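Novice: Sequence:
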Amino acid sequence: MSEISFTAQVDRHFYKAAAHTKHPPGLLEQIRVCNSVYAFTFPIRKDDGTIEVIHAWRAEHSMHKTPTKGGIRYASHANQDEVVALATLMTYKCALVEVPYGGAKGAVCIDRRQYSDAELERITRRYTFELVAKNFIGPGIDVPAPDYGTGAREMAWIVDTYEQIATSKLNAAGCVTGKPIAQGGIRGRTTATGLGVFFGIRETCLDRGFMKDLGLQRGVGGKRIVIQGLGNVGYHAACFLHDAGAVVTGIAEYNGGIRSESGIDPRAARKHFREHGSLLGFPGTADVENSLELLEADCDLIIPAAIE
Numbered sequence: 001m002s003e004i005s006f007t008a009q010v011d012r013h014f015y016k017a018a019a020h021t022k023h024p025p026g027l028l029e030q031i032r033v034c035n036s037v038y039a040f041t042f043p044i045r046k047d048d049g050t051i052e053v054i055h056a057w058r059a060e061h062s063m064h065k066t067p068t069k070g071g072i073r074y075a076s077h078a079n080q081d082e083v084v085a086l087a088t089l090m091t092y093k094c095a096l097v098e099v100p101y102g103g104a105k106g107a108v109c110i111d112r113r114q115y116s117d118a119e120l121e122r123i124t125r126r127y128t129f130e131l132v133a134k135n136f137i138g139p140g141i142d143v144p145a146p147d148y149g150t151g152a153r154e155m156a157w158i159v160d161t162y163e164q165i166a167t168s169k170l171n172a173a174g175c176v177t178g179k180p181i182a183q184g185g186i187r188g189r190t191t192a193t194g195l196g197v198f199f200g201i202r203e204t205c206l207d208r209g210f211m212k213d214l215g216l217q218r219g220v221g222g223k224r225i226v227i228q229g230l231g232n233v234g235y236h237a238a239c240f241l242h243d244a245g246a247v248v249t250g251i252a253e254y255n256g257g258i259r260s261e262s263g264i265d266p267r268a269a270r271k272h273f274r275e276h277g278s279l280l281g282f283p284g285t286a287d288v289e290n291s292l293e294l295l296e297a298d299c300d301l302i303i304p305a306a307i308e
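Under our numbering, residues 1 to 308 are what the sequence shown spells out, in order.
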């Protein structure tokens, strides 16, 4: 049996929820479908003088509230189906927490590790140019943000490019969020998602009845935790949990993982990962060559923070 697409998975959950409403089918269909998708290619000149064609997308799922909102990811596995699915989820997430935005998402199909900083800047600026040309970015239209493979630096490049070519300079800095603090960004944004994971776990662990059903003590302290993915979300969630007294017993990355029943310092583990390109060999831990094995390790909590 063939694997169901990401968008089809999202739609399947939508239809299950829609069955519990009394809205007319036409309205439900309007809520479900993606309003617009801009799929495009553009060339960049690499540092060695060669030219490479880059594939990119921006999807605006719903403009029932504007601007639309959603990150831009740089990933070698990026495709249109993923972009549309993530834009759809952004619409639903904003609606659920009553944030007055529609959902959007963008992606550039590259492995950022294979490009120099100068090449990444050229890619980001050209991507922004294409979005401006088609009116797919703007403070009151569509406001991107960092996502997998992008950060404050890329947002600064986008703002600078937008300011140079947009017809209106009014509120130009509002064309993206997640900017560097010195350029209008806000403190705490980088850690926000991981902090949200921590808050959710903390409150769940304080639920007396739920913890009793699981045979666990209340509170985060002493809970054995396995983290899948030591990126922006997993890393900061691990740090907050570690500081609150939880014991990180396993960390899984795409190229191997580590385990230790006595606990792992997530800050030291990420430092090792950045220096060596792998968690394997981190002092005081046992290597797990196939990191998927950690998903079945004995623990109290598992945090799946790897990319979809």
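Derived by calculation from the structure, the hints in this document are not laboratory data. Hints should not be assumed to be uniformly reliable.
[Unchecked claim] FRET-style restraints, in silico, Cβ to Cβ:
(1) 295 <-> 41: 28 to 38 Å
(2) 182 <-> 261: 37 to 47 Å
(3) 296 <-> 66: 36 to 46 Å
(4) 151 <-> 295: 26 to 36 Å
(5) 174 <-> 222: 25 to 35 Å
(6) 41 <-> 116: 14 to 24 Å
(7) 99 <-> 307: 43 to 53 Å
(8) 99 <-> 39: 34 to 44 Å
(9) 275 <-> 182: 24 to 34 Å
(10) 9 <-> 64: 34 to 44 Å
(11) 183 <-> 133: 17 to 27 Å
(12) 292 <-> 81: 16 to 26 Å
No experiment lies behind these values; they were computed from the predicted model shown. Positions of the beta carbon are idealized from the N, C-alpha and C atoms, including for glycine.
Novice: Now look at each hint and say whether the structure bears it out.
Specialist: Consistency of the hints with the structure:
no., hint, result
1, 295 <-> 41: 28 to 38 Å, "holds (37 Å)"
2, 182 <-> 261: 37 to 47 Å, "holds (43 Å)"
3, 296 <-> 66: 36 to 46 Å, "holds (45 Å)"
4, 151 <-> 295: 26 to 36 Å, "holds (27 Å)"
5, 174 <-> 222: 25 to 35 Å, "violated (45 Å)"
6, 41 <-> 116: 14 to 24 Å, "holds (21 Å)"
7, 99 <-> 307: 43 to 53 Å, "violated (23 Å)"
8, 99 <-> 39: 34 to 44 Å, "violated (27 Å)"
9, 275 <-> 182: 24 to 34 Å, "holds (27 Å)"
10, 9 <-> 64: 34 to 44 Å, "violated (23 Å)"
11, 183 <-> 133: 17 to 27 Å, "holds (24 Å)"
12, 292 <-> 81: 16 to 26 Å, "holds (24 Å)"
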